[in-house]
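Colleague: Residue 263 in our numbering sits at position 33 of the sequence shown, and the numbers go up by one each step.
Incorrect hints may have been included.
Dumping the calculated DSS-like pairs for lysine-lysine here, alpha-carbon to alpha-carbon at most 25 Å [said to hold, decoys possible]:
1) Lys313 to Lys408
2) Lys436 to Lys389
3) Lys420 to Lys369
4) Lys369 to Lys389
5) Lys277 to Lys249
6) Lys313 to Lys286
7) Lys389 to Lys401
8) Lys472 to Lys447
9) Lys408 to Lys389
10) Lys369 to Lys436
11) Lys369 to Lys241
Quick list of simulated restraints, FRET-style, between CB atoms [stated by the list, open to error]:
12) His432 to Thr304: 19 to 27 Å
13) Lys423 to Trp294: 51 to 59 Å
14) Lys423 to Asp499: 23 to 31 Å
15) Arg495 to Leu239: 37 to 45 Å
16) Lys467 to Ser416: 22 to 30 Å
17) Asp352 to Asp396: 21 to 29 Å
18) Arg290 to Gly438: 43 to 51 Å
19) Arg242 to Ile468: 44 to 52 Å
20) Ser475 to Ser306: 35 to 43 Å
21) Arg252 to Ser475: 46 to 54 Å
22) His432 to Leu280: 53 to 61 Å
23) Glu275 to Asp324: 38 to 46 Å
Hints listed in this document are in silico derivations from the structure and should not be mistaken for laboratory results.
Yeah, the Cβ is synthetic: ideal placement off N, Cα and C, and Gly gets one too.
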Amino acid sequence: MKEENNWLLLKREFGRFLKFERGLSDNSIEAYLNDVSKLEVYSEENKLTLQQITSKDIQRFLIWINGFGISPFTQSRLLSGLKTFYNFLLLEYDWENNPVELIQAPRIARKIPSVLNIQEIDQLINAIDLSTPEGMRNKTILEVLYGCGLRVSELVGLKLSNLYLDVEFIKVEGKGNKERLIPIGSQAIKYLKIYINEVRPHIKVKSGQEDFVFLNKRGAALSRVMVFIVIKELATKIGLQKNISPHTFRHSFASHLVEGGADLRAVQDMLGHESITTTEIYTHIDRDYLQSVITQYHPRS
Numbered sequence: 231m232k233e234e235n236n237w238l239l240l241k242r243e244f245g246r247f248l249k250f251e252r253g254l255s256d257n258s259i260e261a262y263l264n265d266v267s268k269l270e271v272y273s274e275e276n277k278l279t280l281q282q283i284t285s286k287d288i289q290r291f292l293i294w295i296n297g298f299g300i301s302p303f304t305q306s307r308l309l310s311g312l313k314t315f316y317n318f319l320l321l322e323y324d325w326e327n328n329p330v331e332l333i334q335a336p337r338i339a340r341k342i343p344s345v346l347n348i349q350e351i352d353q354l355i356n357a358i359d360l361s362t363p364e365g366m367r368n369k370t371i372l373e374v375l376y377g378c379g380l381r382v383s384e385l386v387g388l389k390l391s392n393l394y395l396d397v398e399f400i401k402v403e404g405k406g407n408k409e410r411l412i413p414i415g416s417q418a419i420k421y422l423k424i425y426i427n428e429v430r431p432h433i434k435v436k437s438g439q440e441d442f443v444f445l446n447k448r449g450a451a452l453s454r455v456m457v458f459i460v461i462k463e464l465a466t467k468i469g470l471q472k473n474i475s476p477h478t479f480r481h482s483f484a485s486h487l488v489e490g491g492a493d494l495r496a497v498q499d500m501l502g503h504e505s506i507t508t509t510e511i512y513t514h515i516d517r518d519y520l521q522s523v524i525t526q527y528h529p530r531s
């Protein structure tokens, strides 16, 4: 088998493995295949076959990748993708050579996400013009983003059939097509009902879009980009200096829960984090907040 066909075949089978064995989303599968393709390009440039690649070659490959200005986080994720690829080769093809097994990922500084305080969230929501149908929709969007801690993809994919407002829960489809139930507060419920009962009936909904909660003027499901634009325009309107996005509301949701004493495992479940380590970042935000309180108010600070 020619080497180029070997790469092509293995990538195709790897994609199927990720889809059917691991149950990953199309976006995640594409990212994994891109990782393998980068190694393929490097191997071709250095006249290496897949079977010839050693740990030394992987180290040189990472140095080569670093030359393109790729961040340590991206390098770490790339290495994780290659480890998954070689584990697939070991499992499916009894591959004997695993050159990534002992390679250490670059050390990554943990980034504390930016959050909004309650006053800033209120300012953003109060800046919305409620005299228009889009204004009521946008207010509902912010109430749901902040009230449930959704990812923007979960928000735009939210279905009417997955709203259980009578028992104060909604069902969303998160990463890897994994579904989870999230409690929803009274404020978000209030505006969802107003939007669904008073605004949405006046929109001519496109065929196939009937079950989506949030629609644009043309009756189609709202796009991720549109949600970003709405939030950026509101930030400009109130003169907010922070660089915010829909994800900022998710961070704020989690941070405010932790500040209020919420159980970290409960927050993990609501956010849909696979690992508690990901959720623990919000305890760092909480400590920073407490430190700022001491600095501001303690007479000895």
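Colleague: Each hint: holds or not?
Modeller: Hint check:
For a cut-off of 25 Å, the pair hint linking Lys313 to Lys408 stands: about 23 Å separates their Cα positions. For the hint linking Lys436 to Lys389, the alpha-carbon distance of about 15 Å falls within 25 Å, and the restraint holds. Between Lys420 and Lys369, the direct Cα distance comes to roughly 11 Å. Compliance with the 25 Å bound is thereby established for this hinted pair. A distance of roughly 18 Å separates the Cα atoms of Lys369 and Lys389; the hinted pair therefore holds under the 25 Å criterion.
Using a Cα cut-off of 25 Å, the hinted pair Lys277 and Lys249 is violated, with the two alpha carbons roughly 31 Å apart. For the hint pairing Lys313 with Lys286, the CA-to-CA distance comes to about 15 Å; that is within 25 Å, so the pair holds. About 8 Å separates the Cα atoms of Lys389 and Lys401, which keeps this hinted pair within 25 Å; it holds. A distance of roughly 29 Å separates the Cα atoms of Lys472 and Lys447; the hinted pair therefore is violated under the 25 Å criterion.
For the suggested pair Lys408 and Lys389, the alpha carbons sit about 15 Å apart, so the restraint of at most 25 Å is met. Between Lys369 and Lys436 the alpha-carbon distance is near 23 Å, which keeps this suggested pair within the 25 Å criterion. The suggested pairing of Lys369 with Lys241 is violated, with an alpha-carbon distance near 45 Å, which exceeds 25 Å. At roughly 45 Å, the beta-carbon separation of His432 and Thr304 lies outside the given 19 to 27 Å, and the hint is violated.
Judged by the Cβ atoms, the range 51 to 59 Å given for Lys423 and Trp294 holds: they are separated by roughly 56 Å. Our hint of 23 to 31 Å for Lys423 and Asp499 holds, since their Cβ atoms are close to 25 Å apart. The given range of 37 to 45 Å is respected by Arg495 and Leu239, whose C-beta atoms sit roughly 43 Å from each other. Judged by the Cβ atoms, the range 22 to 30 Å given for Lys467 and Ser416 holds: they are separated by roughly 27 Å.
In this structure the supplied range 21 to 29 Å holds for Asp352 paired with Asp396, their Cβ-Cβ distance being about 28 Å. Arg290 and Gly438 have their C-beta atoms about 50 Å apart, which keeps the hinted 43 to 51 Å range intact. In this structure the supplied range 44 to 52 Å holds for Arg242 paired with Ile468, their Cβ-Cβ distance being about 50 Å. Checked against the hint of 35 to 43 Å, the pair Ser475 and Ser306 fails, with Cβ atoms roughly 23 Å apart.
Distance hint check: the CB atoms of Arg252 and Ser475 are about 28 Å apart, inconsistent with the given range 46 to 54 Å. Separation of His432 from Leu280 is about 58 Å and conforms to the stated range, judged on CB atoms against 53 to 61 Å. With their beta carbons about 28 Å apart, Glu275 and Asp324 fall outside the hinted range of 38 to 46 Å.
Hint check: violations occur at hints 5, 8, 11, 12, 20, 21 and 23; the rest are consistent with the structure.
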